[in-house]
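Residues per chain are reported as follows:
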Amino acid sequence: KQEVTQIPAALSVPEGENLVLNCSFTDSAIYNLQWFRQDPGKGLTSLLLIQSSQREQTSGRLNASLDKSSGRSTLYIAASQPGDSATYLCAVNNYGQNFVFGPGTRLSVLP
Amino acid sequence: DTGVSQNPRHKITKRGQNVTFRCDPISEHNRLYWYRQTLGQGPEFLTYFQNEAQLEKSRLLSDRFSAERPKGSFSTLEIQRTEQGDSAMYLCASSLFSSTETQYFGPGTRLLVL
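Quick note, the sequences are listed as chains A and B, same order. With this note's numbering, the residue at position 111 of the first sequence is 111, and numbering never jumps. With this note's numbering, the residue at position 20 of the second sequence is 1020, and numbering never jumps.
Because the hints were derived from the structure by calculation, they are not lab data. A hint or two may mislead.
[Unchecked claim] Okay, derived cross-link-like pairs now, PhoX-like style, lysine-lysine, Cα gap no bigger than 25 angstroms in a straight line: (1) Lys1014/B - Lys1071/B; (2) Lys42/A - Lys1/A; (3) Lys1014/B - Lys1/A; (4) Lys1011/B - Lys42/A; (5) Lys1071/B - Lys1057/B; (6) Lys42/A - Lys1014/B.
Since this is a predicted model, take the numbers as computed values, not measurements.
When you get a sec, could you build the whole thing from the sequences and use the hints?
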């Protein structure tokens, strides 16, 4: 059974810092991995999706990497801004199965 | 296309009542997912459809829960004889079954069972 964990559970940084969020999964036979952002009381917004054959994806200030063999993905946020404050979730999709989510990392970027 | 929509956005009900939620996916998406999320946790998978066929159900989906997608477009999730433990955010997502299969989420329906 796939299990997904995220470290840290919460993070508070001053504006402008670069930061890394971590996601680990137990079953490396994944189809893809997706990073989401969730604002309080809202639905999820897709940030990046990495296919199992890819090593990384970039969108603006965000970069996500994937190391299937070690069961890890990282989300790198450059030059953080107060508007980046949210909960960041990773979700893993095994072949032909549903997505399994991690518990999320709650990020606060202080002005 | 305005994305995935869910109705109602909020629902307060008394224990023992039945409730029904609706999800309208992105129009060309053939897969539709239901998740449940409680405070401080990531979403937990409940069930998903490909077109009108319900392909997988989680053990979380007790016999009080039923989901339908009759014409392969919108979907409904019904909870019968609600319990206080059913209080959660119910999220719907849709995707196009393909090599990428990015999921797009709706805003969710927040259920409070008193």
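Here's how the hints hold up against the structure:
1. Of the pairs offered as hints, the one joining Lys1014/B and Lys1071/B is violated, with about 31 angstroms between alpha carbons and a cut-off of 25 angstroms exceeded.
2. Note on Lys42/A and Lys1/A: the hinted pairing is violated, with a Cα-Cα distance of about 28 angstroms set against a maximum of 25 angstroms.
3. Distance restraint check for Lys1014/B and Lys1/A: the Cα-Cα separation of roughly 35 angstroms exceeds the 25 angstroms cut-off, and the hinted pair is therefore not satisfied.
4. Between the alpha carbons of Lys1011/B and Lys42/A the distance comes to roughly 15 angstroms, so the proposed pair stays at or under 25 angstroms and holds.
5. The suggested pairing of Lys1071/B with Lys1057/B holds, with an alpha-carbon distance near 19 angstroms, which does not exceed 25 angstroms.
6. Restraint check: the Cα-Cα separation between Lys42/A and Lys1014/B comes to about 24 angstroms, which is no more than 25 angstroms; the hinted pair holds.
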